[in-house]
Amino acid sequence: MKEKEFDSLIKTKADSVDTLIGNEFEHDVVWKKVRTNIPKNTNRRLYFFVAVVICTLMGILCFLLFAPNDSVEEKEILVPVKTKDAVVIDTIVNKEEEVVKKTKSVTSKTNDFKNKPIKKKLTIENNQRIITKDTGVIINKLIPKLIDSNSIDTPSKISNKNKLYKVDFAKITETRAYVHVYRPSKGIVGALNYFTFKANGRKIGTISNGEYEVFMVESGLTEFEIKRKKITINLEARKSYYLRTELVFLGKTKFERVTES
Amino acid sequence: LISNQILIKCINGNRRAQKKLYKTYAQKMFILCYRYVSNKEDVEDILAEGFIKVFNNLSKVEYRDAKSFEGWIKRIMVNECLTFLRKRKMLFYDFEENKLNENSYSINSDVDAQDIYKMILSLPIGYRTVFNLYAIEGYSHAEISEKLNIASSTSRSQLTKARAILKKRIVKNSKL
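Protein chains in written order, with this note's numbering: chain S, 1 to 261; chain D, 1 to 176.
Quick caveat, the hints were computed from the structure, so don't treat them as lab data. These numbers come from a predicted model, not from an experiment. For each residue, glycine too, the CB sits at the ideal point set by N, CA and C. Do not take every clue at face value.
Stated by the list, open to error - Facing chain D, a subset of chain S residues (Cβ under 7 Å, in silico):
id, residue
1, 7
2, 11
3, 13
4, 17
5, 25
6, 27
7, 30
8, 31
9, 34
10, 36
11, 37
12, 39
13, 233
14, 237
15, 238
What the hints assert, rightly or not - Each computed DSSO-like pair below joins lysine-lysine, with the alpha-carbon atoms no more than 30 Å apart:
id, chain 1, residue 1, chain 2, residue 2
16, D, 40, S, 33
17, S, 4, D, 9
18, D, 23, S, 11
19, D, 118, S, 40
20, D, 87, S, 11
21, S, 40, D, 9
22, D, 89, S, 32
23, D, 28, S, 4
24, S, 33, D, 60
25, D, 20, S, 11
26, S, 11, D, 74
27, D, 19, S, 32
28, S, 32, D, 87
29, D, 172, S, 32
30, S, 11, D, 67
31, D, 147, S, 11
32, S, 254, S, 239
33, D, 168, S, 32
34, D, 172, S, 11
35, D, 53, S, 11
36, D, 74, S, 33
37, S, 11, D, 168
38, D, 168, S, 4
39, D, 74, S, 32
40, S, 2, D, 118
My request is simple: use the sequences and hints to build the entire structure.
See below:
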């Protein structure tokens, strides 16, 4: 056998070996050594991170620009004053005034038409300006923790949970009437059925079982609606109106105007 | 097979592509390096060094086809092996073997590849290196003498001795 033939035979045989029995190669061990010393595209992760940040910012921007902002529209027409946003103070306030309270939790007690107390808990934040209002017999112990609109000076900080808006209270009261809406409690009957309260076709709040709500509504001819029952009142500024609603039977609703007493 | 696109990804630092390239050639290169340095741990070190060089020089290589690319990786690995042997001063010690009449044997081509591989491994390092470079990798004596910093005549003599030993062992093996 010639040298070249011999060499070629050996080369063919050596090249055809694809595994070394007893000396199996551990890929991962070597790969770990290799990968720590070779270039890696870090930009890809950076680009991804930047893209995420940009998308998030765009999302926030879009939300701020295009999100439906009912409350802003609403505040121009109606400013809801809910009993749950009211607190009891020790002294009965007989006129509009501003009170500065320190942070504390207060249980509010409001008297409904049947003198049943409704207990609500809420917190008054530090230096929050509270505008008090004597509203007569029914809610003479309530301080509506209001209200935010477009006034610049007050308040410094407002609860995020309940969307309250700054409002120039004195200015508003000049043109608005107080509409008191009451739904007597019937225990668990209708407890989960929230009534939507509308004024001129616009939703201004919901009323659940045993709840008492006070709304400041722009004066003029206004149509109130609860569960398709409508009452139209020609509201006069600074006057109070009382509405009563209740679940009668099998989803039938009663909605009527009542007197203060 | 490794394509040009995978190479571009590897150059751009894509980890998946890099691992694919590594996995494609790692086993082959392991067997190649093991023919030079018959120690698993050393071979793994050599492979790691070799692949680091491969990845760091990918942008310099001009990709024509898979075969030529594999040839490029092989050259890097062989060079790494030779560097390793040189560092360890393992190359070339004199090995005396009885003179053989090379032309007096005929070798059966049915000899098992694993056996041949083992026979190559059993050669003294100097002989084995020259034999590997000349007979398997296809380098000329001039190139070998340059790579190993030896005289061309030394390369020839080492090769002749290596062949003689291999032939003898192959014949012995086939007789068994």
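A quick look at each hint next to the structure:
1. Look at residue 7 of chain S: its Cβ gets to within about 4 Å of chain D, closer than 7 Å, so that hint holds up.
2. Because the beta carbon of residue 11 of chain S sits about 5 Å from the nearest beta carbon in chain D, less than 7 Å, this interface hint is met.
3. A least Cβ separation of about 4 Å between residue 13 of chain S and chain D falls short of the 7 Å threshold, and the interface hint therefore holds.
4. Taken as an interface hint, residue 17 of chain S checks out: its beta carbon lies about 5 Å from the nearest beta carbon of chain D, inside 7 Å.
5. The interface hint given for residue 25 of chain S is met, as the beta carbon of that residue sits about 4 Å from the closest beta carbon of chain D, less than 7 Å.
6. Hint on residue 27 of chain S holds. Least Cβ distance to chain D is approximately 6 Å, under the 7 Å limit.
7. The criterion of a C-beta within 7 Å of any C-beta in chain D is met by residue 30 of chain S, whose closest approach is roughly 5 Å, and the hint holds.
8. Against a cut-off of 7 Å between C-beta atoms, the interface hint on residue 31 of chain S holds, since the closest Cβ of chain D lies about 6 Å away.
9. At its closest, the beta carbon of residue 34 of chain S sits 5 Å from a beta carbon of chain D; the interface hint therefore holds under the 7 Å criterion.
10. Checking residue 36 of chain S against chain D by beta carbon gives a least distance of about 9 Å; that is not within 7 Å, so the hint is violated.
11. Annotation: interface hint on residue 37 of chain S holds; nearest CB of chain D at approximately 5 Å, less than 7 Å.
12. Below 7 Å, beta-carbon pairs count as interface contacts, and residue 39 of chain S has one with chain D at about 5 Å; its hint therefore holds.
13. Of the supplied interface hints, the one on residue 233 of chain S is violated, with its beta-carbon coming no nearer than about 72 Å to a beta-carbon of chain D, more than 7 Å.
14. The interface hint given for residue 237 of chain S is broken, as the beta carbon of that residue sits about 72 Å from the closest beta carbon of chain D, more than 7 Å.
15. Taken as an interface hint, residue 238 of chain S does not check out: its beta carbon lies about 74 Å from the nearest beta carbon of chain D, beyond 7 Å.
16. For the given pair, residue 40 of chain D sits about 15 Å from residue 33 of chain S by alpha-carbon distance, which is consistent with the 30 Å threshold.
17. Taken as a hint, the residue 4 of chain S and residue 9 of chain D pair is broken in the structure, with Cα atoms around 41 Å apart against an allowance of 30 Å.
18. For the hint linking residue 23 of chain D to residue 11 of chain S, the alpha-carbon distance of about 23 Å falls within 30 Å, and the restraint holds.
19. Pair hint residue 118 of chain D plus residue 40 of chain S does not hold up; C-alpha atoms about 39 Å apart against a cutoff of 30 Å.
20. The hinted pair formed by residue 87 of chain D and residue 11 of chain S meets the criterion: a straight-line CA distance of about 27 Å does not exceed 30 Å.
21. Of the pairs offered as hints, the one joining residue 40 of chain S and residue 9 of chain D holds, with about 10 Å between alpha carbons and a cut-off of 30 Å not exceeded.
22. Distance hint between residue 89 of chain D and residue 32 of chain S is fulfilled; the C-alpha atoms sit about 28 Å from each other, no more than 30 Å.
23. At roughly 24 Å between alpha-carbon atoms, residue 28 of chain D and residue 4 of chain S fall within 30 Å of each other, so this suggested pair holds.
24. Straight-line distance between C-alpha atoms of residue 33 of chain S and residue 60 of chain D comes to about 22 Å, which keeps the hinted pair within the 30 Å bound.
25. Distance restraint check for residue 20 of chain D and residue 11 of chain S: the Cα-Cα separation of roughly 27 Å lies within the 30 Å cut-off, and the hinted pair is therefore satisfied.
26. For the given pair, residue 11 of chain S sits about 14 Å from residue 74 of chain D by alpha-carbon distance, which is consistent with the 30 Å threshold.
27. For the proposed pair residue 19 of chain D and residue 32 of chain S, the alpha carbon gap of about 10 Å is at most 30 Å, so the pair holds.
28. Between the alpha carbons of residue 32 of chain S and residue 87 of chain D the distance comes to roughly 24 Å, so the proposed pair stays at or under 30 Å and holds.
29. Taking the CA atoms of residue 172 of chain D and residue 32 of chain S, the gap is near 43 Å; set against the 30 Å cutoff, the hint is violated.
30. Taken as a hint, the residue 11 of chain S and residue 67 of chain D pair is honoured in the structure, with Cα atoms around 17 Å apart against an allowance of 30 Å.
31. Using a Cα cut-off of 30 Å, the hinted pair residue 147 of chain D and residue 11 of chain S holds, with the two alpha carbons roughly 20 Å apart.
32. About 24 Å separates the Cα atoms of residue 254 of chain S and residue 239 of chain S, which keeps this hinted pair within 30 Å; it holds.
33. Note on residue 168 of chain D and residue 32 of chain S: the hinted pairing is violated, with a Cα-Cα distance of about 42 Å set against a maximum of 30 Å.
34. Simply put, residue 172 of chain D and residue 11 of chain S have alpha-carbon atoms about 20 Å apart, close enough for the 30 Å limit, and the pair holds.
35. Taking the CA atoms of residue 53 of chain D and residue 11 of chain S, the gap is near 26 Å; set against the 30 Å cutoff, the hint holds.
36. Annotation: proposed proximity of residue 74 of chain D to residue 33 of chain S holds, straight-line Cα distance about 19 Å (limit 30 Å).
37. Taking the CA atoms of residue 11 of chain S and residue 168 of chain D, the gap is about 17 Å. The hint holds against a cut of 30 Å.
38. About 17 Å separates the Cα atoms of residue 168 of chain D and residue 4 of chain S, which keeps this hinted pair within 30 Å; it holds.
39. Proximity of residue 74 of chain D to residue 32 of chain S is assessed by CA-CA distance (about 21 Å); at most 30 Å being required, the pair is judged to hold.
40. Under the criterion of a C-alpha separation no larger than 30 Å, the hint pairing residue 2 of chain S with residue 118 of chain D is consistent with the structure, at around 22 Å.
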